[in-house]
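Participant: Protein chains in written order, with the working numbering: chain A, 1 to 155; chain B, 1001 to 1119.
Honestly, the hints are just simulated from the structure, not real lab data. Errors might be hidden in some of the hints.
[Claimed, not checked] Reference listing, derived: stretches of chain B covered by chain A, where coverage requires no fewer than 3 residues with Cβ under 8 Å from a Cβ of chain A:
1) 1009-1015
2) 1061-1071
3) 1077-1091
Where a beta carbon is used, it is the ideal one built from N, C-alpha and C, also for glycine.
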Amino acid sequence: MLVRLSTPALRRTSWRAFAARLVLGGLATVVTGLAGAMAGPSVGGLFLALPAIFCASATLIESTERHHKHVVGMHGEQRGKMAAALDAAGTALGSIGMLAFAVVFAAVVRTQVAMAFVAATLAWSLIAVAAWYCRRSVRRIRLHAGMFSRAADQS
Amino acid sequence: MLHLISEYLIRFVVGGVVVSVFAMLGEMLRPRSFAGLLGAAPSVALASLSLAVLDHGPNYAAIEAHAMVFGAIALACFSVMVCQLVARTRLRALPSTLLALTVWLAVAFGLQWALPGVG
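This is chain A alone, in the form it adopts within the complex (with noise of 0.2 Å):
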């Protein structure tokens, strides 16, 4: 399957995890309200996408996956770097989708508010996952692409 959730994945994070990302939540909340009430919904607008919690969550993918080698015996730290350059690398994708949620909000909400929440989180949704699937695709037609290569260089 292409995408799958995995519950036991969320059993093994911690409450403290999950604290960490509730406070910071909650504060960057205040944050972007406090930077717009003091200097305008210009600067206020830019918080709106301050990667407060992804700073918290890469920190935890990476010892979360260190933890979880290191318990079978082995050191984990490269996993746990690579765990966390992948979700990176998805959050980066992500931002496209971000984008598109900032024009279409922007767009909509001076007439419609309530459609303006909907459309732009459904924009934010296809954007992100069309850009994942896009990114997916061309990193495996670029893996055939070598493997013919090197079955040809070889025959």
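Once you've looked at the hints, dock chain B against the given chain A.
Facilitator: Relative to the frame of chain A, chain B by itself:
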């Protein structure tokens, strides 16, 4: 004063809950690169823009969303930098993200300064 404190308390709770929901979903999703999409989920934006519409009206929220475009571009640059730093250097995730945060600030505020009429 009490009204101000309660407003920011509501912001904290709403923002924290929305972000936590997206974070839980991100923990469950595989592969990891797909779960990473949720690192750029508009979780803070959904909470903040809802409150902005209630407090200041849709025009205010529209201006914030315009500025969010620059923030999203900066987030893309930030994420690419973190990915490259973690994958290609000896740096771990935390120092990489802190270093890349300077890139986010430079790109976001740089675009805001360079294109004031757009955001």
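Participant: Does each hint fit the structure? Answer for all of them.
Facilitator: Consistency of the hints with the structure:
1. 1009-1015: Since three or more residues must qualify, the claim that chain A covers the region 1009-1015 of chain B holds, with 5 doing so at under 8 Å.
2. 1061-1071: Since 11 is at least three, the answer is holds.
3. 1077-1091: With 7 residues close enough to chain A, the hint holds.
Going down the numbered hints, you'll see the structure goes against none, and every one checks out.
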